[in-house]
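Input sequences plus hints: build the corresponding full structure.
So the sequence shown is numbered by the UniProt record's numbering: it starts at 1 and just counts up by one.
Please keep in mind that the hints were generated in silico from the structure rather than gathered at the bench.
In this text, a Cβ means the ideal position worked out from N, Cα and C, and glycines have one as well.
Hints should not be assumed to be uniformly reliable.
Taking CB as the label site, the calculated pair distances span [unchecked claim]:
1. TYR28 to TYR48: 17 to 25 Å
2. LYS162 to LEU63: 37 to 45 Å
3. LEU149 to TYR30: 36 to 44 Å
4. ARG131 to LEU63: 22 to 30 Å
5. THR153 to ASP15: 37 to 45 Å
6. ARG17 to PRO65: 16 to 24 Å
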Amino acid sequence: MNSATAVKTKNTAKDKRFKMLDATIKRYQYQQDALIEILHKAQELFGYLENDVLIYVAHNLKLPPSRVYGVATFYHLFSLAPSGVHTCVICTGTACYVKGAPTILANVEKSIHIHPGETTADNQISLLTARCLGACGIAPAVVFDGTVLGHQTAESVGERIKRWLQDGST
1 MNSATAVKTK
11 NTAKDKRFKM
21 LDATIKRYQY
31 QQDALIEILH
41 KAQELFGYLE
51 NDVLIYVAHN
61 LKLPPSRVYG
71 VATFYHLFSL
81 APSGVHTCVI
91 CTGTACYVKG
101 APTILANVEK
111 SIHIHPGETT
121 ADNQISLLTA
131 RCLGACGIAP
141 AVVFDGTVLG
151 HQTAESVGER
161 IKRWLQDGST
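This is the structure:
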């Protein structure tokens with residue numbers, strides 16, 4: 001049995017998320033050009049893009065798994081691993097870099113003892129970086145749980161992280 005068949009069996013047997021993903025794939029009429037939109041929906045449903053999901057999407061769109069994996073790893077908003085309860089994405093693009101992103105990143109790393117691409121041991125916070133968020137006019141930009149905030153400082157980001165650690169609030 002190949003991986004795609006195994007995933008198809010998993011879909012029909014137990015996991016309703018695959019049925020919802022099927023509806024999205026059908027809505028896009030199995031178009032290969034809709035890969036990014038379909039991956040966004042898959043990540044929304046599963047929380048991240050696990051290998052079985054990538055193979056499932058590749059099979060249904062009749063794409064090589066390597067192409068689906070390539071797209072999933074190219075775009076910084078896709079994650080191949082489970083993330084923490086909260087996510088912090090620090091933009092390291094040119095404008096953000098010049099306006100203080102390295103200091104913000106260093107302070108976050110020091111305060112929660114992880115590096116970009118990692119999640120705290122208690123699964124509360126995932127730290128990521130992005131080459132550019134397209135928010136250069138409000139640099140430095142940081143994405144907190146999917147919301148882009150501009151003109152951030154090491155102090156403002158540190159306060160948000162501190163609140164997350166204390167009581168899980170945003």
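Hints versus structure:
1. TYR28 to TYR48: 17 to 25 Å: Distance hint for TYR28, TYR48 holds at roughly 21 Å.
2. LYS162 to LEU63: 37 to 45 Å: Roughly 43 Å apart at Cβ, these two residues keep to the hinted range, so it holds.
3. LEU149 to TYR30: 36 to 44 Å: Holds: the Cβ-Cβ distance is about 38 Å, inside 36 to 44 Å.
4. ARG131 to LEU63: 22 to 30 Å: At roughly 25 Å between Cβ atoms, LEU63 and ARG131 fall inside 22 to 30 Å, so the hint holds.
5. THR153 to ASP15: 37 to 45 Å: The hinted range 37 to 45 Å holds for THR153 and ASP15, with Cβ atoms some 43 Å apart.
6. ARG17 to PRO65: 16 to 24 Å: With a Cβ separation near 19 Å, ARG17 and PRO65 satisfy 16 to 24 Å, so the hint holds.
When the structure is compared with the earlier hints, no violation turns up for any of them.
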